[in-house]
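Novice: Each chain is listed here by its residues.
There are 2 protein chains.
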Amino acid sequence: MLLYFQDQAGAARALANAAGLACHCVDVHRFPDGEVKLRLPHQLSARVTVFRSLHHPNEKLVELLLLARTARTLGAVHLTLVAPYLAYMRQDMAFMPGEAVSQRIIGAFLASLFDAVITVDPHLHRVATLAEAMPMEHAIVLTGAAPLSDLVVKLKDRPLLIGPDEESGQWVALAADRHGLDFAVCRKVRSGDRDVAVALPDVQVSGRAVVIMDDVASTGNTLAAAARLLHSAGAVSIDAAVTHALFDNGAIDTIRSAGVGQIWSTDCIAHATNTVSMAPLIAQALTEMFAN
Amino acid sequence: MLLYFQDQAGAARALANAAGLACHCVDVHRFPDGEVKLRLPHQLSARVTVFRSLHHPNEKLVELLLLARTARTLGAVHLTLVAPYLAYMRQDMAFMPGEAVSQRIIGAFLASLFDAVITVDPHLHRVATLAEAMPMEHAIVLTGAAPLSDLVVKLKDRPLLIGPDEESGQWVALAADRHGLDFAVCRKVRSGDRDVAVALPDVQVSGRAVVIMDDVASTGNTLAAAARLLHSAGAVSIDAAVTHALFDNGAIDTIRSAGVGQIWSTDCIAHATNTVSMAPLIAQALTEMFAN
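Heads up: the sequence lines are chains A and Z, in that order.
Just so you know, the working numbering puts 11 at position 11 of the first sequence, and the rest follows in order with no gaps.
Just so you know, the working numbering puts 213 at position 213 of the second sequence, and the rest follows in order with no gaps.
Keep in mind that the hints are not guaranteed to be accurate.
Chain Z stretches covered by chain A per the calculated footprint, using a threshold of three residues with CB under 8 Å from any CB of chain A [to be verified]:
#, stretch
1, 33 to 44
2, 53 to 62
3, 65 to 78
4, 99 to 110
Derived SDA-like pairs (lysine to any residue); straight-line CA-CA distance at most 20 Å [to be verified]:
#, chain 1, residue 1, chain 2, residue 2
5, A, Lys37, Z, Met96
6, Z, Lys188, Z, Val203
7, Z, Lys37, A, Glu59
8, Z, Lys37, A, Met93
9, Z, Lys37, A, Pro97
10, A, Lys154, A, Asn274
11, Z, Lys156, Z, Arg178
12, A, Lys37, Z, His123
13, A, Lys37, Z, Val127
14, A, Lys37, Z, Asp248
15, A, Lys37, Z, Ala108
16, Z, Lys37, A, Phe95
17, A, Lys37, Z, Arg126
18, Z, Lys37, Z, Phe5
19, Z, Lys37, A, Glu99
20, Z, Lys37, A, Arg126
21, A, Lys37, Z, Glu99
22, Z, Lys37, A, Ala108
23, Z, Lys37, A, Val127
24, A, Lys37, Z, Leu124
25, A, Lys37, Z, Ser218
26, A, Lys188, A, Asp165
27, Z, Lys37, A, Asp92
28, Z, Lys37, A, His123
29, Z, Lys37, A, Ser218
30, Z, Lys37, A, His56
31, A, Lys37, A, Arg69
32, A, Lys37, Z, Met93
33, A, Lys37, Z, Arg90
34, Z, Lys37, A, Arg90
35, Z, Lys154, Z, Ser277
36, A, Lys37, Z, Glu59
37, A, Lys156, A, Gly234
38, A, Lys154, A, Trp264
39, A, Lys37, Z, Val101
40, Z, Lys37, A, Met96
FYI, nobody ran anything at the bench for these hints, they're computed from the structure.
It should be emphasised that the depicted structure is a prediction, and the values quoted were computed from it without experimental measurement.
Just so you know, even glycine gets a beta-carbon here, dropped at the ideal spot from N, CA and C.
Sequences and hints are given; from them, build the entire structure.
Specialist: Shown next as C-alpha cells:
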C-alpha cells in the first residue's frame, strides 16, 4: 500500500502503477491557525510506503511525524519513506561553533519514524553513505544521472556534458560514462546564497552541442553563469538537465536569458520542466528491497 | 540562560528580565528552498530555558527539534520549553477512524526534546492534566484568567463577564471568582471552522458593562455573534478579553463591527491588542520549578 499527499499525486500514482501498489491519498485539513489534521485509511497493510518529496520541508516533516505515528496504530509494521528529494542533507557539519548539524538531526528524526528510505541524488558531501546520516534498516540512494543521460543522447548529437561546479563532478562523470560522452566541470566561487561566479574548464566548446548537467538547481545563477561563458566560447547549442528542479521564482527566466534552450528535469520535484519519470527506478528499488 | 527567536523578542526579553536570566537570540537563517539553519551560543549553561510560543506551529516545531538536539551537544543538561501558546492541544482523540491524534503525537515529540514545559491556558478538553498529553518531569499550566480579570475590574464598573460558549465556562468562572464578579456562558452551535451561532444565557444584560472573555479567539466569529446578541439585549458597553490573540486576518474587523469597544489580550501571542504581560507569572513558575 502506498500513501501520498494530494499536491504530489502525479508522481506518487506513477510510482504506485510501476510498483503495482494500491494507493491512497492522505486527507489533510489545514486550520486557519496553521495546524493540520491528518486522516489515513483506517486499516493499513503491514507494509506501507509513504511518498513525500521534501522540498520546502518543514510543514512536510511535521505531517510525516503525524502520519508515521498514526500509521503504527493502524496496523503498519514496516514503513518506507520514498522521498525523491530529501531535505537538509547539505548541513553535515557545524561550519561555525553552535550551528545545528541539521543533516544528522533530521536524519535521526526520519529514522525514528521510518524503517527504510529511498531517495534520489541526496547531495551528500562529507558523509560516504546515506545510512550514516539516516541510520535505518534500508537507506537506498538512486540517481537521476542515468535516465537524464539516456534522454540527452537521444535528443542531441555527441553532446558535451558540463558540470557547473566542482560539486557536480562525480555526478556528471556518471552521466557521461553511461554513454561514453565527453564531459568537463567548471570551477565555482560563491559569495552568498544567490551570488556566484564560475570559470570554464580547459575544453574545446566551439562547435559543440553542450548540455549543462547537475543534481540540483535552485536560483539558476550558477547554471546561467556557466551558460554565458559557454555561449561566448562558441557552443552551438546550450541545454540543461537536472535531477532536482528546486527552482526559485525567477530561476527559469534567469536560465533562459543566459541563452539556455531546453531545460529538462526528473519528477523528483514537480515542475514544468519535468521530462523524466523516476517511477521505474524507484519501483525497481522497492521490489528489490522487499525481495530481500 | 534563556534562548529566544527574533520574532518573539519582546515577550521573551520581558520574561528574562522578570526571571533574572541572561538571554540570547537564536540565529536563524532561512534558505530560499525553505530549509533553515540555526545557530546557538556555542557554550550553554546546564539549565536552558527556550521561549517559543507555538501559533502557526509547524515551522517552529522543526526549529525546536534542531535547537533542542543541538543544545544537548553544547552543554545543556536540563531544557525547559516556555510555550505561552501551545499548539495541537485540541485534537485529543480520533473523531473519525484513521485520524491522527495530534495532541498525543506532538506532546510526545516535545517530551522527547524537553525536560519541562510551561504554558498558559492550553485548551485541554478530554485530558485532565497537561502531563497526560505531554509526559515530562514538569508540565506546568498557568492561566491568563487571573491577570485579565485584574485588568477588567480596574477598567469597568461591576462588569458582567460572558463566556461566548460552553467550552469557556470553567475559564470564565475562574476570572469571575477572583473578584466576585457576575458571569454567564452562551451556548454555541458550530457548523464548520468559520461558521458559528450562539444563544445568550438567561441573565440580566440590560444596563450592564459586559466583558466577553475566553481563553482563545481566532476568527472572532463566536465573539462577534455573542456581542451582537448582547447589544440587542441592552448592554451599556461590550468589551472583550482573551488569553490567546490567535486572530486571523479580518478577525478584529469582525469583532469591532459587532459593537465591541476594547479588545484586551495577554502577550502569549504577539498582537496589537496585547495589554497584559504574562512574564511575572511565568517567571514565578520558573523560579518555583528550579527551587524544587
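Novice: Confirm or reject the coverage of the stretch 65 to 78 of chain Z by chain A under the rule of 3 or more residues with a beta carbon closer than 8 Å to the chain's beta carbons.
Specialist: Since 6 is at least three, the answer is holds.
Novice: Taken at face value, is the distance from the CA of Z/Val127 to the CA of A/Lys37 at most 20 Å?
Specialist: 19 Å, holds
Novice: Tell me if the straight-line CA distance from A/Lys37 to Z/Met96 falls inside 20 Å.
Specialist: Between A/Lys37 and Z/Met96 the Cα gap is close to 11 Å, so the pair holds against 20 Å.
Novice: For the pair we were handed, Z/Lys37 and A/Arg126, check the Cα-Cα distance against 20 Å.
Specialist: Between Z/Lys37 and A/Arg126 the Cα gap is close to 18 Å, so the pair holds against 20 Å.
Novice: Verify the proposed pairing of A/Lys37 with Z/Met93, using a straight-line Cα cut of 20 Å.
Specialist: Status holds; Cα separation ~11 Å.
Novice: Please verify whether Z/Lys37 and A/Met96 have alpha carbons no more than 20 Å apart.
Specialist: Holds, because 11 Å separates the two Cα atoms, which is no more than 20 Å.
Novice: Could you grab the alpha-carbon distance between A/Lys154 and A/Asn274 and see if it respects the 20 Å cut-off?
Specialist: 16 Å, holds
Novice: Within a Cα-Cα threshold of 20 Å, do A/Lys154 and A/Trp264 meet the stated pairing?
Specialist: It holds: about 13 Å lies between the C-alpha atoms, which stays within 20 Å.
Novice: Starting from Z/Lys154, check that the Cα of Z/Ser277 is at most 20 Å away, please.
Specialist: Given pair Z/Lys154, Z/Ser277 holds - Cα atoms ~16 Å apart, limit 20 Å.
Novice: Are the Cα positions of Z/Lys37 and A/Met93 separated by 20 Å at most?
Specialist: 11 Å, holds
Novice: Hint check: Z/Lys37 vs A/Ser218, CA-CA at most 20 Å. Holds or violated?
Specialist: 17 Å, holds
Novice: Holds or violated: A/Lys37 with Z/Glu59, Cα cutoff 20 Å?
Specialist: Roughly 16 Å separates the two Cα atoms, so the pair holds.
The earlier numbered hints are all upheld by this structure, with none contradicted.
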